[in-house]
Amino acid sequence: MPYETDYTNQKFSVIGNRVNRPDGVDKVTGRARYGADASAAGQLVGKILRSPHAHALIKKIDTSKAEKLPGVKAIVTGDDFPDFTGGNRSLMDTLENCMARGRALYDGHAVAAVAAVDAQTANEALKLIKVTYKKLPHVTDVDEAMKPSAPVVHDWIRTAGIEPAPTTASNISQRNEFGHGDIDVGFAEADVIIEKTFKTEQTHQGYIEPHACLATLGPDGSGELWVTTQGHFTFRNMCASLLGLDVAKLKVTSSEIGGGFGGKTHVWMEPVALQLARKSNRPVKLVMTREEVFKATGPTSSTSVDVKIGAKKNGRITAASAELRYQSGAFPGMWGMLGAMTSFACYDLKHVKSVGYDVLCNRPKVAAYRAPSAPMAAFGVESVIDLLAAELKMDPVEFRIKNAAKKGTRASYGPIYGPIGIGPTLEAVKNHPHMKKRLGKNQGRGVACGFWFNFGGQTCTDLNIGIDGSVNLTVGTVDVGGSRASLALIAAEELGVDYDQVRVTIGDTSSLGHNDTTEGSRGTFSSGMATIFAARNAIDVMKQRAADTWGIPVEQVVWEEGVARAKGRQNSNLPPLSLKEIAAKSPRTGGPIAGHNEVVADGAGVSFASHICDVEVDPETGSTRVIRYTVVQDAGKAIHPDYVEGQFQGGAAQGIGWALNEEYIYGEDGTLQNAGFLDYRIPVCSDLPFIDTEILEIPNPNHPYGVRGVGETSIVPPLAAIGNAVSNAVGVRMTHVPMSPPRILKAIEDAQ
Amino acid sequence: MRFESPTTTKAAASMLASESGAAHVLAGGTDLLVRMKMGMVEPDLVLDIKRIETMKVLKVAAGGVHIGGAVPAVELGESERLRSLWPGVVEAANLIGSDQIQGRCTVVGNLCNASPAADSVPALIAAGAKALIVGPKGKRRVGVEKVVLGPGKTSLGRDEFIEAVVLPARAGKSADAYLRFTPRTEMDIAVVSAAVNLTLSRGVVTAAKVVLGAVAPTAVVVPAAARAIIGTKLDDAALEKMAKACRAACNPIDDKRGTVEYRTKVAGVLGRRAALVAFERAGGSK
Ligand SMILES: Cc1cc2nc3c(=O)[nH]c(=O)nc-3n(C[C@H](O)[C@H](O)[C@H](O)COP(=O)(O)OP(=O)(O)OC[C@H]3O[C@@H](n4cnc5c(N)ncnc54)[C@H](O)[C@@H]3O)c2cc1C
Chain A
1 MPYETDYTNQ KFSVIGNRVN RPDGVDKVTG RARYGADASA AGQLVGKILR
51 SPHAHALIKK IDTSKAEKLP GVKAIVTGDD FPDFTGGNRS LMDTLENCMA
101 RGRALYDGHA VAAVAAVDAQ TANEALKLIK VTYKKLPHVT DVDEAMKPSA
151 PVVHDWIRTA GIEPAPTTAS NISQRNEFGH GDIDVGFAEA DVIIEKTFKT
201 EQTHQGYIEP HACLATLGPD GSGELWVTTQ GHFTFRNMCA SLLGLDVAKL
251 KVTSSEIGGG FGGKTHVWME PVALQLARKS NRPVKLVMTR EEVFKATGPT
301 SSTSVDVKIG AKKNGRITAA SAELRYQSGA FPGMWGMLGA MTSFACYDLK
351 HVKSVGYDVL CNRPKVAAYR APSAPMAAFG VESVIDLLAA ELKMDPVEFR
401 IKNAAKKGTR ASYGPIYGPI GIGPTLEAVK NHPHMKKRLG KNQGRGVACG
451 FWFNFGGQTC TDLNIGIDGS VNLTVGTVDV GGSRASLALI AAEELGVDYD
501 QVRVTIGDTS SLGHNDTTEG SRGTFSSGMA TIFAARNAID VMKQRAADTW
551 GIPVEQVVWE EGVARAKGRQ NSNLPPLSLK EIAAKSPRTG GPIAGHNEVV
601 ADGAGVSFAS HICDVEVDPE TGSTRVIRYT VVQDAGKAIH PDYVEGQFQG
651 GAAQGIGWAL NEEYIYGEDG TLQNAGFLDY RIPVCSDLPF IDTEILEIPN
701 PNHPYGVRGV GETSIVPPLA AIGNAVSNAV GVRMTHVPMS PPRILKAIED
751 AQ
Chain B
1 MRFESPTTTK AAASMLASES GAAHVLAGGT DLLVRMKMGM VEPDLVLDIK
51 RIETMKVLKV AAGGVHIGGA VPAVELGESE RLRSLWPGVV EAANLIGSDQ
101 IQGRCTVVGN LCNASPAADS VPALIAAGAK ALIVGPKGKR RVGVEKVVLG
151 PGKTSLGRDE FIEAVVLPAR AGKSADAYLR FTPRTEMDIA VVSAAVNLTL
201 SRGVVTAAKV VLGAVAPTAV VVPAAARAII GTKLDDAALE KMAKACRAAC
251 NPIDDKRGTV EYRTKVAGVL GRRAALVAFE RAGGSK
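First to last, the sequence lines map onto chains A and B. Residue numbers for the first sequence follow our numbering, so the first one is 1 and each next one is one higher. Residue numbers for the second sequence follow our numbering, so the first one is 1 and each next one is one higher.
One should not assume that every hint holds.
Which stretches of chain B does chain A cover? Using the computed rule of at least three CB atoms under 8 angstroms from a CB of chain A, they are [said to hold, decoys possible]:
{"no.": "1", "segment": "184–196"}
{"no.": "2", "segment": "254–264"}
Lysine-lysine pairs mimicking BS3-like chemistry, simulated, CA-CA at most 30 angstroms apart [what the hints assert, rightly or not]:
{"no.": "3", "chain 1": "A", "residue 1": "196", "chain 2": "B", "residue 2": "256"}
{"no.": "4", "chain 1": "A", "residue 1": "441", "chain 2": "B", "residue 2": "233"}
{"no.": "5", "chain 1": "A", "residue 1": "68", "chain 2": "B", "residue 2": "37"}
{"no.": "6", "chain 1": "B", "residue 1": "59", "chain 2": "B", "residue 2": "139"}
{"no.": "7", "chain 1": "A", "residue 1": "130", "chain 2": "B", "residue 2": "37"}
{"no.": "8", "chain 1": "A", "residue 1": "441", "chain 2": "B", "residue 2": "244"}
{"no.": "9", "chain 1": "B", "residue 1": "241", "chain 2": "A", "residue 2": "746"}
Since the hints were derived computationally from the structure, they do not count as laboratory data. We put the beta carbon where it would ideally sit given N, CA and C, even for glycine.
Make a model of the complete structure from these sequences and hints.
Shown next, in the form of structure tokens:
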């Protein structure tokens, strides 16, 4: 069987169970402490003054009046952030994004900050700071920004990746090309070629918890930061580099997190809070408003994408190419590159080429959003795949199956695939009852596929066994989606104890070695791997203790179902020693029992999904309701099926919002018009159908349990699945996301 | 900032009259508190009217309906009698926000907030509702359509407030309906809306009032749309004529919530659909 590996059909006793999450009670009772829930004696309130302009020179910042306001303890501007970056341009970008340095680059860019005794005083102080701006020309549209006549966001940008290297500045920070074969040859072989251009608007992750932190930083250069983040180690390293601190002297603790989806992988105002704390020598609490979250954190790119695919009458694709233009906000990004890498990853292609451009605009610095860049590329590619299937009079699922990548396929972005799930998810879609449901009037069905790389990275984990045999697992990957439950299941599986016996804690930065941020769907994959190894190390210790207790060589001891057994006939008089018994005796047998592991968790298995979506469109208003939605995705191995399904559903829900209504709307003046949840429309509960899920398990050969990351892939197909469904319902190809009611109505009328 | 919660309308009127700074009446607070939080208003006096017993009265009688200024929207939906007399007014009030919002908010607050997109306002105007206004010199009664002058602007004097809105007695076979268009199913704001109130005699429309919301600075009464359906059984030609009149009455803006073109088109669609719903509710059949 092509999909079997060494890890297929492993027997497990604990993992795979749908246990209650350990953080559940705290979260439903309100006891859980999020970013804004920490306080310190004598704390000040921090507030940030932001640019009202899309692009402006900051000629002068007069803080004298604000400084005199009673209760104001510190004010900082760009001048209060000396350059510790040592010429590292990307660090400088981060610093400049946290606090403008002479130029405001987008509506909402921080220009000054205040720490005062209370919110009222801080707000008052912001009003007293006088900033003299000189407005500069701005650009917010990605295609406009690429034109030679466009205002240049940074005059030091020279497009990387083109030969010869340009000598003048532009907004294109880099060009990246991927692929193999010769597309000209491939297109010449095609019987049918479809070519189309697509646009997607900028969206925000829309996490419910705004950014918040509590910072202290003393004159000795040591400090603490309590913060809502996906990666407190990364935040520590970033803040330390930006502020000239020793990494070891800054302790960062991650709070419970109310959603991140990539937006909390990056520092936005934390260095500012620390600098205010240093200047005032008081703890400073800084909590963003929703408006600030929209204007000054990291939404995903708006894009403009051309896709061209050719196929033979027999349904085989002969060539595929794409040019992808991704807006990265006011600083360079790698989003166009990721779009180009992911665009054709689902297919087995002989001739393929994708070119990605990263383009600067006067918008907030783009950050990761769940499988960053892949959904927009998939929107273009999967739409053209549907058009081709229609042109060839083939069933769109069959057409995809015929061209799906498989084990041994060279991916369009380079590597050769191992066992992968694209074919099986498509087969599951084909056989799903959803596909047999008859559609009614004004209804349409769409199918689309999606891919995401997944990531492993640096991981460091401690497992400590208590005197009563309960187990403390300390990990450094922030739990954004239920990973504590999954990791407790894994520890319980290895040790042979009950799930309830294991307690998982997210350690602060002083308690563990570096852990990469929870991103790239790595939490359960990488910390799961480190947990397995740490548990096995603890088992080695317990076997040794048992051997010592029995006075036999450790080679004669095995660990089975939570007990140490002495093997061999000569030891048959030795009753097994349980984990509990070994733990109880530990003070006299060598002290505490622990297992540790540090690892670079390589080999995150790639992930594929196929989605089915039914919509109903009101042809008179353009209003769309998603009436049925099914996600089929390969999880490798579902450690905790509830949370795997939750990730599938969550990605689909966010994708539905993006496809239908969510978008950043900029005015002519380059200011954001809808920086709030009233006019930035994420779906409410009643907008969504129940999202059906099917988990496939094609084990990842690089993980002891076969785990693949599952958190991100689910947002990749929805734009395209809904685009295909709406297009089928209204009989017009939709090429612009979101497919908001006015856009749909206009498309219907333009076609008439 | 002072916070007062008088127990009589008289006391409330004199507190308003004697306040020299910015005075704001507080009903449910679902607009006022939001605006305060955003720093858009900084009141010197917040005058809570929810302790005034007479303003908490909802009276539904054959001769008319009295909706006190402190009656939360949820209570309108709880009155079966009101639902059968004025289904359109009730459905408009029960579209505001969400269950949580409706537990607090009032239709008078919705009216006085003076948003072009307020949901209950077109339905109240179509119903021929009157506002009972209290001031230092006593009470006066004006048509609800005269209260709102433009976005955020009312005709109330700075020392006046609304005690209640009253709906007239119902004639024979009458019914009303309200429809709004929002991209989301709830927690959203009308991009366009339409209210229709009509009366039938032997299956034919004999009286009608058509009002559009969110297509102009205030709700718009469209007499031409009413004329298009009066004397008809809502045949397709009459409905098309009505939709055309609705579109012609639109004077919307292009903004983040919708384009001029879109609002205008959908106004016609909703006007027609609301007429059909009201017609059916009144016992009409095509
Ligand atoms: C989440 C959310 C969703 C919403 N959704 C909708 C919606 O779908 N549709 C919609 O139309 N609105 C919506 N709104 C707006 C608001 O809920 C309504 O306008 C509501 O009807 C206001 O009523 P209130 O009693 O809360 O008014 P308040 O906030 O108490 O008052 C509103 C204004 O009217 C004045 N006022 C109140 N009562 C009187 C009085 N008796 N005399 C004189 N002036 C008075 C106040 O001073 C204030 O200026 C929403 C608001 C929120 C927060």
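Evaluation of the provided hints:
Counting residues of the segment 184–196 of chain B whose beta carbon lies closer than 8 angstroms to any beta carbon of chain A gives 7, which reaches the threshold of three, so the coverage claim holds. Check result for the segment 254–264 of chain B against chain A: holds, 7 residues qualifying (beta carbon to beta carbon below 8 angstroms, three or more required). Proximity of residue 196 of chain A to residue 256 of chain B is assessed by CA-CA distance (about 27 angstroms); at most 30 angstroms being required, the pair is judged to hold. Of the pairs offered as hints, the one joining residue 441 of chain A and residue 233 of chain B holds, with about 27 angstroms between alpha carbons and a cut-off of 30 angstroms not exceeded.
With a C-alpha separation of about 26 angstroms, the suggested pair residue 68 of chain A and residue 37 of chain B falls inside the 30 angstroms cut-off, and the hint holds. Distance check on the hinted pair: residue 59 of chain B and residue 139 of chain B sit about 19 angstroms apart at the alpha-carbon level, within 30 angstroms; holds. A hinted pair counts as satisfied when its Cα atoms are at most 30 angstroms apart, and residue 130 of chain A with residue 37 of chain B qualifies at roughly 23 angstroms. A distance of roughly 26 angstroms separates the Cα atoms of residue 441 of chain A and residue 244 of chain B; the hinted pair therefore holds under the 30 angstroms criterion.
Taking the CA atoms of residue 241 of chain B and residue 746 of chain A, the gap is near 22 angstroms; set against the 30 angstroms cutoff, the hint holds.
In the structure shown, no violation is registered for any of the earlier numbered hints.
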